[in-house]
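Residue numbers (the working numbering), protein chains in the order written: chain A, 1 to 218; chain B, 1001 to 1828.
These are calculated hints, taken from the structure and not from any lab test.
None of these values were measured; they are calculated from a predicted model.
A hint or two may mislead.
Said to hold, decoys possible - Below, computed lysine to any residue pairings styled on SDA-like, alpha-carbon distance capped at 20 Å:
{"id": "1", "chain 1": "B", "residue 1": "1605", "chain 2": "B", "residue 2": "1543"}
{"id": "2", "chain 1": "B", "residue 1": "1136", "chain 2": "B", "residue 2": "1192"}
{"id": "3", "chain 1": "A", "residue 1": "119", "chain 2": "B", "residue 2": "1003"}
{"id": "4", "chain 1": "B", "residue 1": "1075", "chain 2": "B", "residue 2": "1225"}
{"id": "5", "chain 1": "B", "residue 1": "1016", "chain 2": "A", "residue 2": "136"}
{"id": "6", "chain 1": "B", "residue 1": "1011", "chain 2": "A", "residue 2": "136"}
{"id": "7", "chain 1": "B", "residue 1": "1296", "chain 2": "A", "residue 2": "112"}
{"id": "8", "chain 1": "B", "residue 1": "1371", "chain 2": "A", "residue 2": "75"}
{"id": "9", "chain 1": "B", "residue 1": "1016", "chain 2": "A", "residue 2": "96"}
{"id": "10", "chain 1": "B", "residue 1": "1136", "chain 2": "B", "residue 2": "1198"}
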Amino acid sequence: MLETRQLFHEVPTAEGRLAILKGIDLNITKGESVAIVGASGSGKSTLLGMIAGLDCPSAGQIFIDKTEISALNEELRAEIRQRYVAFVFQNFQLLNGLNAAENVALPLEVRGDRDSHAKAIRYLNRVGLSERSKHSPQQLSGGEQQRVAIARAFACEAPIIFADEPTGNLDAETGALIADLLFELNREHATTLVLVTHSSELAERCDRTLKMHAGKFI
Amino acid sequence: MFRLVVKLFGKMLRSKSFTLLLISLAVATASITAISIFVERINNTLYSEAAEFIAADAKVQGSMPAPQEWYQIAKKNELDVAQTTQFSAMIFAQNAMQLARIKAVSTNYPLRGSLQIRDAANQEVRIIGSGPTVGKLWLAPRLFTALNIRPGTKVKVGDAEFIAEKIIVQEPDSVGSTFAMAPRAMIHIDDVDATGAIQLGSRVNHDFMLAGDPQAIDAAKTQIYPQLGEHYRWVSPEEGSAAFSSALDRAKRFLLLAGSLSVLLASVAIALAAHHFAAHQQTQVALLKTFGIGPKGIQQFYLLLLILTGCTGFIFGSTGGWLLHQVIVALLADLFPQDLASAGTKPYIIGAITCSVTLFAFASPPLLTLKSIAPAQILRQEKNKGNAILISVVCGVLATALLIGFYSLDIYITAILFGAMLLCVAASALTAKILLKLTKTIQNKLRGYWRVGLSNLQRQKQFTALQIFVFASVVLLVAVLSQLRTSLVEQWQPQMAETPNHFVFNIFHDELALIQNTFSEAEVNVSEYYPMSRGRVVKINGQSLKERIIPDMQRSDYERELNLTWSETLGKDNRIDAGAWWPDDRNSQLSVSAEYNYALGLGLKLGDTITFSVAGREFSAELKSIRRVKWDSMNPNFYMIFDRPIADNFAANWITSFYLPSSEKAFLNKLLADHPTISLIELDQTIAAVQEILNHVTMAIEFILMLVLGASILVMLTSIQATVSERRRESALLRSFGANRSFVQQVLIVEFASIGLLAGIFASAGAEACLYFVQVKLFEFEPHIHWQIWAIAPALTTVLVAAIGYAATVGVTHETPLHVLRTQTDET
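Chain B with its partners taken away, still in its complex shape (with noise of 0.2 Å):
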């Protein structure tokens, strides 16, 4: 059987029909396994870059330092380790003395990114690996100015006598997600016992970084992780900043769907395809079964042909994705900063195993039913319509949630996909009901090729269901991919280019209107003015937290200490999600909103009754709200906001964030030489980082989406190909009985653009669903109509399957009708 199947194997590739499902599969374990490439080496990249915000590919940070068994543990994975101590201390200097944050590291700190620094204020700044040795001192430059020193004097700081060798201009893991802190100053971790300022009881924090190849984190991650308790926590580069991982995040996730939404594009082909191949195959069944070949040897014959196609379809396509991949990085060689990181194995594991199930999901319903072809059929010359496509629909329809869960690994993702196929399947299924009535209806008031191509539709009213259905899907796929890039590239934009670059805190209560007043003279726009106080969330509705938090959740992120603050007005970047914003008749009890996250993180329900614990004070308040927050906006933002003061005016810091472009940054100096306590951070550094990976992102968005646009063309033209042997039968007929070549060519516009526009229209119903859920669950966006996407599929559709259509047939007009009609059209 096997030498049977790779001879007939060689004589099919002769075979339009086999052919086409060889590239389609071929096409699209190329295009997926180019996207998944293209995918895993942005992905591996921005991981790299992201690395560098949390100067490691991981760390566990930790209230303690990190216990010997973890050195031993990355020394087993062969993982780089640095560590880092931070803690608060008063440096001295000869007339003048600041409180500081001191950052100890290690030699080999940072593991991922560098710092950069300059020896003297009037140097360039300069880019090195390392922090300061024994003795020295790297101070913040405010730190220079408010100790009224130079690099080169002694300083203090604790007991310790140090250098203050280099001013600190940026280092990688500046960006903490806690803004109490005071300006930075590092020394080498080997110091810290000389300073004597750590003390029982002293606030310290300790980051335990390691960075090596991701499997050997992911194991690291593994034996550590399970031993992390209540003082330590394990920190990935995407959760370094809150701001950096909010637009990862959603990076990552349009690249999922474009890869989930190519998944669908090349399974719609394939099926196509392998149906076309099937309904050609049935008089060879017939007469293979005629030989000698029972059911059973039908099937192993076909299953042994779609495992020798699935190979021969991985092969070509895995090095079509990889050639295709290589194209668009030299497309983009220029755009990206550095070589692109590699993409290891998993984008060929998942190109091998879309292949495999899509071929079998999709291409063997059709084929192995044909083992119950009748082999007295040959000698009727009939041809089977067979329950396939109903097994097809059912089958794919399995298989395609099955893929883009594999494939995105994100519910959401699936679910909404799932859905939305579940929705194009029931409007096809309705549409050839309603088209039966409503052709029937028209058709008999029209003449000519209009009355024609509204019959063919009617006639074949299964076959138009399953197009619209495959056109409707693509259009609805492609809208929704098209949509969604437009929506992420527009809240990107305005989002970076007015976004806050400046955090300013620990402004006293009495500097506020000083502070207030230096911003409006020197017109600088400035946020919300949040005033802060720290405290902690010890009891729900009477019930301690440990017994609360949910598996899995970190447990340090919801006992550690919180910036607290209460407001009037909802912040313009939070949306409430559950509950209502303060009303204006407030009872006497105290009420509090939480942050979506958190508020999941610790099972929070509206009307929960919270405990809080503020410098040693309890009192509860009432959860009223719950709130989505936009992180990435660079504004203050809260997990908990109090309807009213929860402390004393007078006790409480004042926080805000300002953009001030480079060009005017001369007005920092004016702020901080008027208002020395106040703590400033400028994040220019890490917005531009940021601005710059979403600019990458944007490109691969734009590429990938031009990638699904191709498979869309070649699904629409594979379905079409399917019925050109039909309509070469039916246009030599019709010329048989004196239609001319204009006539039937009218026909098949006619034809291709009813297709079209029920297509479009069932696009656009089911695209409009589809964003909902995508831009409210998946992105967090508001909810709209989207008119453009009505007033244009439909439109396009028509006109785009018109043409592709008739593009595609027109050639059945050429032939002569003798030479058709003579012409047998079963093929091996």
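In isolation and in its complexed conformation, chain A is listed as follows (with noise of 0.2 Å):
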């Protein structure tokens, strides 16, 4: 479902280039749950922004459904990412001017889903949150944000689920919980999710877990 072959990542500094990533290879099946961890600053999140399609490597191919995205410009790029990739947040990034439903429905009506508003509500009684569905972000505490990320990640229907700290903004409790979701919504859609995460509670619940330091795995 999703492959990289030496994946290699360079950013210009004022001391010269610093390397990010170093030959990362990479193969992930459909369905698979996959955690990235590793310590800040190891690459983990500049890896998931790769393979998701939303940067482009230095050098090295990457493969979503047989398709080498690494080849592709950012047009092209876009349409894979609406095609095959949703995503959960560590900061939820809902929009403040928009409803809990309405942030649900968003990615929906960029893919021009004419039912957009039912399936959104029907995804957020799905995340518990049936009674919330016209409160604004700033009235919701934060596990209900991360709920609400959930919810409208999971109403695309798309294969690919990418989750970049999806518990680091919570305390350890609703973290929990949100993990439980998470993972039920993983199980009950058959999708393949790749997170990146500091707790390792979260990534024993994967199917597989990749530790990273200075750029490669290890």
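Dock chain to chain to rebuild the complex, using the hints, since each chain is given by itself in its own frame.
Right, dumping it as structure tokens:
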């Protein structure tokens, strides 16, 4: 489902070019859940951005469902993201001007889904927020906001879910509840789940854990 | 995509930064529309008042009657037509005769304005809308005296007999450009043939007068103008009188300048609000990209958003502009003597064009460059600094030049404001570098809030430079406008208070000393006496005049007879533009000085040899200087002045002007009784009319200045508002480090006061440069240093920016640091 070959990435700095990823080879099969762990600055979020098609590597290849996205321009990568990818972010990334249902419906509208509102309500029900659909993000707690974000990701019905520190901004108890919800939905929809986390508990719940250090898997 | 944009547009209206953008656009459109409606209505009103000075909306003057084809053109364009024919003829009464300038008028004369007459010397003045009927003759009061007759007496003009019916007190188009005329008499045009006064070779002037819809006048002009040739000249109301047109021209230029400045201010407000909005859109763009929208989709999204914003801004702006102008008109209702003319659709078109151009030039660069935001930015919690500021400045400067050009249709205004803007941009760019060095040096020697405040400027030097640019532009524009307003009003007031209001001419040389004596005995101040001969320019450097006249210039303006004079001294209302006034050691060659616009039309250069024809005699003179003349001084002025007599002094007529208050009018009777051969023109009513117009214009200027000031404060607030979220964060951080509220407030004051001081200094320099060009090139004032700007602008800007900045941002110190640091700053 998702594959990288000899992935390298460098960024320019005042001191010269800094290597972030140093030859990453990765293969994730359909329906698999994979955790990427590592210390801050190890390159795990950069890797997530690359394999999700958010950024382009300096060298190497990335394949999603056998399409080499690293060879595509930003316009075509956007099409791939629309078809294959959904995200859950550490800081939720809900738009303050929209209520919970509208936030969930937004990516569906981008995809031209005429049934976006009903679908958004359905997914909000699924994450236990049926009563809060008209509340704005500021009126929701951190855990509730992340549940809206999860509903948004799964409402897209994309085959791959990328989660960047999904419990990083939450307390342990709420974090555990969010993790339960994430894995439940993952199972229900048989999606491929790639998550970046510092939490060993969360990593242990995945089928596989990949540990990164200084831009490489160890 | 459209559905998504419409949906998010509705949501964005709740966002502060977007609302700020929309308000700026609406306020910009409203102020421009309001100014345009107001200017247009005043313009149309002034135009209609000005039309009274030529008794029509336009006329063609010629030495021959207008061809029949022009009557058909007028009819086709649904225009009203009137004709007048003017010639000199003797009027015979029982015991006296007098040469008079006869004006024969058609039944519907005047098309604009009215005639003021008396039925008898002791009767009240009556205002009427048409001239004498067939067989009747109306005369100037002086002709009744000279002919020793009363209304009702039979007189003869040439071969025809008339009844001297009424006394002409005032006729709308009495202000002629030539003074070589005898007292006026008026008959019906159907009586002209009967007089037999017009013979082959007679000097006759024919006026073909038009009135109606301005578009129809323009259409008729387009058709008639190419047929004018050598014998006809098109006259618009603005050209009707040199004095009037000069005052009107300055007023119009000022109003246009004010309009242009409001465009500048509005643009700055929109640019700032758009940058603020775009900065808050980055996370949303990255998020939309993760949903699968590509760069093209993002660009489409923001393009549609801009179109929707433009439409909304225009609807609110034009409605607001109409309401605003209604308020102004209501406030001025008592001051205007008549209903203001309607404005038409032009102001709304100007509003719509300005709204779209400013929106797309100033708001689109930061919004349309959002497409390049990397979607991975959403994972990194960073903001893209982007290159939109440079693009915005380039787009903004070009668009402003385009808008000002479109708005003012004046290359000088455009060039001057464009230059001033470039100066400001350059100064602000320079500031960024100087600031870095200066504040670094100073802040190291300071402690406490001084150090933190100055280091804030240094840390955000690019934004600080932008703010200095904004404030400097605002203060510069307001300083230029208020200084010009003062100059204009000062210029008009003394000019009108003691402006000569009588011209006396046809003074023969042997009578000159006696007349001077009469004036000095009566203690009446008289301007310079000038000898006057009629003549025309026939060749320049041996080349005939026809070949020299610059295209677009009316040939008859240059081929007609001029009043020529000679003088040792330069008149007070004349200023040498090129060359020099006569040196003491003049050579034997005759020298001449030409008026600036006349010289321009003929393409004259210093050293040119100009050949004149006076009374059938040709002679040449070398052009030694070119003069700018203040025609509205009401002193005798001339296109051509020689350094020595061109004719025998005894053959010349002399002319002068003088001021006489209405309470001393009796002096005129004595003057005319003692010197019956002289001619006198009373201009009191004309000057009063000009004064009334200037009063209206002064009020208009003051109101427009208030509008511009309002827009300036909005720009300042918008600019400061753009920094509020950053200051909230800084304030929270400083307080979390242990700084108390008062410390943070003092940091804010130091920061804003420093920005204000620097902006004030740049504004003073910019205003000085700008005023030099505006005053010298545009309004033809004497250049001088404006010390008051240097004294007031920096101090006032420091206080004002510090006060507005502090008032707008002090709220950030009232929130708890925890709340601020936890709150997300990104908006939909």
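Exercise. Taken at face value, is the distance from the CA of residue 1543 of chain B to the CA of residue 1605 of chain B at most 20 Å?
Worked result: Judged against 20 Å, a Cα distance of about 14 Å means the pair holds.
Exercise. Does residue 136 of chain A lie within 20 Å of residue 1016 of chain B when you go C-alpha to C-alpha?
Worked result: holds (16 Å)
Exercise. Given the proposed pairing of residue 1136 of chain B with residue 1192 of chain B, does the C-alpha separation stay at or below 20 Å?
Worked result: Since the Cα atoms of residue 1136 of chain B and residue 1192 of chain B sit roughly 12 Å apart, the hinted pair holds (cutoff 20 Å).
Exercise. Is the straight-line distance between the alpha-carbon of residue 1296 of chain B and that of residue 112 of chain A 20 Å or less?
Worked result: Given that 20 Å is the threshold and the Cα spacing comes to 16 Å, the pair holds.
For this session: Verify the proposed pairing of residue 1075 of chain B with residue 1225 of chain B, using a straight-line Cα cut of 20 Å.
Result: Holds: residue 1075 of chain B and residue 1225 of chain B sit about 16 Å apart, inside 20 Å.
Exercise. CA of residue 1371 of chain B to CA of residue 75 of chain A, is that 20 Å or under?
Worked result: holds (11 Å)
Exercise. Can the restraint linking residue 1011 of chain B and residue 136 of chain A be considered satisfied, given a maximum Cα separation of 20 Å?
Worked result: holds (11 Å)
Exercise. Does residue 1198 of chain B lie within 20 Å of residue 1136 of chain B when you go C-alpha to C-alpha?
Worked result: holds (19 Å)
Problem set entry | Restraint check for residue 119 of chain A with residue 1003 of chain B, where alpha carbons must lie at most 20 Å apart | holds (17 Å)
Exercise. Between residue 1016 of chain B and residue 96 of chain A, is the straight-line Cα distance small enough, at 20 Å or below?
Worked result: holds (12 Å)
Violation of the numbered hints given earlier is absent; every hint is satisfied by the structure.
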